[in-house]
Amino acid sequence: MLRYIVRRLLLLIPILIGVSLLIFFWIRALPGSPAEALLGERATPALVQAYRQKYGLNKPIVQQYFTYLKTTAVDRDLGVSVASHRQVWSEIRLKFPATIELAVAAMIFAVVLGIPLGFFAAKHHGRLFDQLTLVGSLLGISIPIFFLAIILKYLFAVRWHLLPSVGRIDVTANVKHPTNFYVLDAIITGDWSTLWDVLKHLVLPAIALGSIPLAVITRITRAAVLDVQNEDYVRTARAKGLPPLTVDRRHILRNALLPVSTIIGLQTGLLLSGAVLTETVFAFPGMGSWLRDAIFNRDYPVLQGGILFLALVFVFVNLIVDISYAIINPRIRYS
Amino acid sequence: MRGNLRKLALPLAALCVLVVASTAGGASRATTLVFAGAADPTYLDPALVSDGESFRVTEQIFESLVKLKPGTTLIQPALAKSWVSKNAKDWTFSLRHNVKFHDGTPFNAAAVCYNYNRQYNFKGPFQDASATYYWQTVFGGFKHNESADLSPSLYIGCTAHGKYSVTIHLRTPSGPFLPAQVISSFGIQSPTALKKYGADSGELRNGTFYPTGSYAFSHPTGTGPFKFVSWTVGEKTVLAANPNYWGPKPKIKTLIIRPIANNSARLQALQTGEAQGIDLVAPEHVGIIQSNSKLKVLNRPSFNVAYVTIHQGTGSPMNDIKVRQAVAYGLDRASVVRSFYSGRGQVAQEFEPPQLFGWTNKVTKYTYNPTKAKQLLNSSSCHVPCKVDFWYPTGVSRPYMPDPKRNFEAFSASLEEAGFSVTAHSAPWRPDYVKHVNDGTAGDLNLIGWTGDFGDPDNFLGTFFQTYSPQFGFKNAAIFNILSKAEKQKSLKKRIALYKQANIMIMKYLPAVPYAHSRPALGFEKTVKGYVPSPVGTDPFEGVSIGGQ
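From first to last, the protein sequence lines are chains A and B. For the first sequence, position 218 (counting from the first letter as 1) is numbered 218 according to the working numbering, and the numbering increases by one without interruption. For the second sequence, position 432 (counting from the first letter as 1) is numbered 1432 according to the working numbering, and the numbering increases by one without interruption.
Hints listed in this document are in silico derivations from the structure and should not be mistaken for laboratory results. Only a predicted model underlies this, so the values are computations on that prediction, with no experimental measurement involved. Hints are supplied without guarantee of correctness; some may be wrong.
Pair ranges (Cβ atoms, derived) [said to hold, decoys possible]: (1) A:K59 with B:P1070: 32 to 38 Å; (2) A:W192 with B:S1335: 56 to 62 Å; (3) B:K1529 with A:K59: 52 to 58 Å; (4) B:S1230 with A:L12: 55 to 61 Å.
Straight line, CA to CA, 20 Å or less: simulated EDC-like cross-link-like pairs of lysine to aspartate or glutamate [stated by the list, open to error]: (5) A:K200 with A:D185; (6) B:K1485 with B:D1090; (7) A:K70 with B:E1203; (8) B:K1123 with B:D1103; (9) B:K1163 with B:E1146; (10) B:K1253 with A:D170.
Chain B is faced by these chain A residues, among others (derived, beta-carbon under 10 Å) [unchecked claim]: (11) R7; (12) R8; (13) L11; (14) W26; (15) Q87; (16) K95; (17) G167; (18) T262.
We put the beta carbon where it would ideally sit given N, CA and C, even for glycine.
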């Protein structure tokens, strides 16, 4: 197992070099530069030229890439945002916890609801509950996230005033955030009213963001349970006279969860990088809305640093998923 | 299984009850005002920023020698009680007594000189335009310029006469100097705090300026009506009323300014009570606010201009004044303003907004007249149908031009009616369109505009027409001279006359056709009183109250 983990970690090096190449050349293939994007009406030809020189954009592209590689890998410096003038790394430290919290909340919503729904749908295969679950999951996949987000927000925040519409926390609260994980901070300090406030701010974005994983997890769970419940070992367990709940839990669900855990891992990675629309609609200050703005501003340091960081996280999440296989199913061993 | 469901049902029901029982946590507290802008400040050292969101905060913490009368572009005393200049080169300010910075440092002539000299002596990374945009806009260069692109500094020194009188010396006479001092970048900061918290340390990283001291992030110290409390990036900036403020004390105790980039999200924060005031209301949201009995719309006085560039150059039909006049008569500006500005625009007669001095009603007016346009064309070098390339931007909405495509379509139709044959071109605003406009490669005509930085006509007319620019390809030595003279003129009366003359000549020779001034909107809860929007976007909060305070 250890050898496997080390090998996977070593694989990170070519992956990250590949990602850095892709990001670097993709960004520069976009028309324009930070100069035109930031100066707007004030972008006179002389100013644009001065900006290009300042950012080193007039140097040969290969030279630019190696400079970027050196500052990132050797100096471990992700640079400074062209738009906000803040260090990219300190921005990541502020924004990534928000996205993590949102992604985890969305995934908890999807898993807590999706696995039971898929399980019960399979157990009631062909009946009304199954049909409704199938239609529901189809809708979950089909409805665009931003549309669902707008509807949820309009109903629960604007119309009924049940939940907040923007941000991570009530701004009038005077609370310190030592880790920037607001849920964690509130738990550590035992500040339950803040915890409640932070959770309320997470509800609507998490439901909007979790709608697609919910649908996917429901369908995969349903299919896996249908598959597993007809296996010989399940029949044997039943024939042995084991209580139905034990058969469901230990023999069906445990085996059915293997493909589900893969999906959870993949979807978590996607949620981390795919929260752009949800974060924008709910003014949730995470990585997604930050990277979206960076594309508009042609903010090269933010795009390069932010995407590289997300790629790293994505690879790690997948590694953890692979390791979790062995825990869920002891028959799987890596060498 | 049924038992399991029952077990699940209980916590779920409890959760629902809790959600329903709690409200959205609106921030309506009579002494706290939550106001939403579009973004975080960049830093809180006003000398180092140039964006409106930074100024929204620094304007409350810092004061300059002079300020704008609320809601206007008229200069009035701030930290200076009065001022005098005999030659527009040496400006003597008489300072307010018994004013203290938030850290207890006394405000005096030495502090004023320290602040001006600080910027004048900036070196290295601080001479980058991303660090000192407004110093460079107003004063040009520094004491020791490190780049050949920088011009000699207009500012050359400061003399303190005792504690409460100070003279600022300029290299050449400058009319716009005084109006420009209202910019927050010239706010007077506590010399003690600047030194203590490393305000003068910074570096250029990958070409971008970055302050390395803590002053600009967590210790901004001025004399203003609000004191800095905290800044949580992406969440809020918190300011508290300054109990020792020399002027009328703020009516609210706490001011929270939060960033909400998305227009709809900002509107909804107002609707839910998560913000009591919002700026940058999208034109399509104005009706929604007006239809809500608890909300109101405030109008920001117009301080922008949308115009159609007329590009002149080798072989261009626009070199002929009659063709340019035909364009002016052929653009149905009144219809465009009526149809696409949601009642928030007015037809622009000239290039500066009516609030600014120098505006005159005596300019040539070009009311839509297709017949006259055709007559002009037929007597010109470009007979009917006169072929023109007309550019407009896509993927953008500007305060002065909310819907460029529809503006273009309407103008294109009216020009066709007036004898032109229009070929449409479009380009995405970022980055192609603006580049083409500024390079003079965006056809014969194109849509563009400008939002003013400070209350001086030089910031409008001087920016466009004081020298030759490839955008217009327009050469008129007489107009260039008038604008240069107006810039250096010490007498306000004479400056006004010169700018009026310039406006008349510009509208006579038509390097472009101005078509709209728009009034941006702000949204508030009706309980918020005393907010006066500024034309330049830096609104004071000290007079604001909530409810019956």
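Hints and how they fare:
no. : hint                            : in the structure
1   : A:K59 with B:P1070: 32 to 38 Å  : violated, 49 Å
2   : A:W192 with B:S1335: 56 to 62 Å : holds, 60 Å
3   : B:K1529 with A:K59: 52 to 58 Å  : holds, 56 Å
4   : B:S1230 with A:L12: 55 to 61 Å  : violated, 38 Å
5   : A:K200 with A:D185              : holds, 15 Å
6   : B:K1485 with B:D1090            : holds, 18 Å
7   : A:K70 with B:E1203              : holds, 19 Å
8   : B:K1123 with B:D1103            : violated, 27 Å
9   : B:K1163 with B:E1146            : violated, 33 Å
10  : B:K1253 with A:D170             : holds, 18 Å
11  : R7                              : violated, 35 Å
12  : R8                              : violated, 32 Å
13  : L11                             : violated, 29 Å
14  : W26                             : violated, 16 Å
15  : Q87                             : holds, 7 Å
16  : K95                             : holds, 7 Å
17  : G167                            : holds, 7 Å
18  : T262                            : violated, 26 Å
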